[in-house]
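Trainee: Sequence:
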Amino acid sequence: MDYTSDPSSNQHPNVHDFEQLETIYGHVDSSTTVGAAINTLRGLANTLSTPEEQGDSEWGKAVHFDASGRPNVFEKDLRAGEKVITHVFWVE
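Residues 1 to 92 (the UniProt record's numbering) are what the sequence shown spells out, left to right.
Derived by calculation from the structure, the hints in this document are not laboratory data.
You may find that some hints are simply not true.
Derived Cβ-Cβ restraints for the label pairs, each shown as a range [said to hold, decoys possible]: (1) Ser-5 to Arg-79: 52 to 60 Å; (2) His-12 to Trp-90: 21 to 29 Å; (3) Thr-23 to Ala-80: 34 to 42 Å.
We put the beta carbon where it would ideally sit given N, CA and C, even for glycine.
Please model the complete structure; the sequences and the hints are all you need to start from.
Mentor: And the structure:
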């Protein structure tokens, strides 16, 4: 974990390195945001349809067009300021 111009003498962690790791990771968090993230993802999953069900109307508003003038980036507003961006690669 130390930086050196001579790595041949510093190829393995030493006591100080392990103390640093203990300081960084060896504590119990007083709170967690994992549950909130899971609930948010579950909520988003309920608002999305499967790709087979999607079409231009499900993708939202076209916000970018390719060189041929075809829409290739769509933006759909969800709730709470969240968005889904859909990139379309048109087959020639």
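Trainee: State for each hint whether it applies.
Mentor: Right, here's what the structure says about each hint:
no.	hint	result
1	Ser-5 to Arg-79: 52 to 60 Å	53 Å, holds
2	His-12 to Trp-90: 21 to 29 Å	53 Å, violated
3	Thr-23 to Ala-80: 34 to 42 Å	36 Å, holds
When held up to the earlier numbered hints, the structure conflicts with hint 2 and nothing else.
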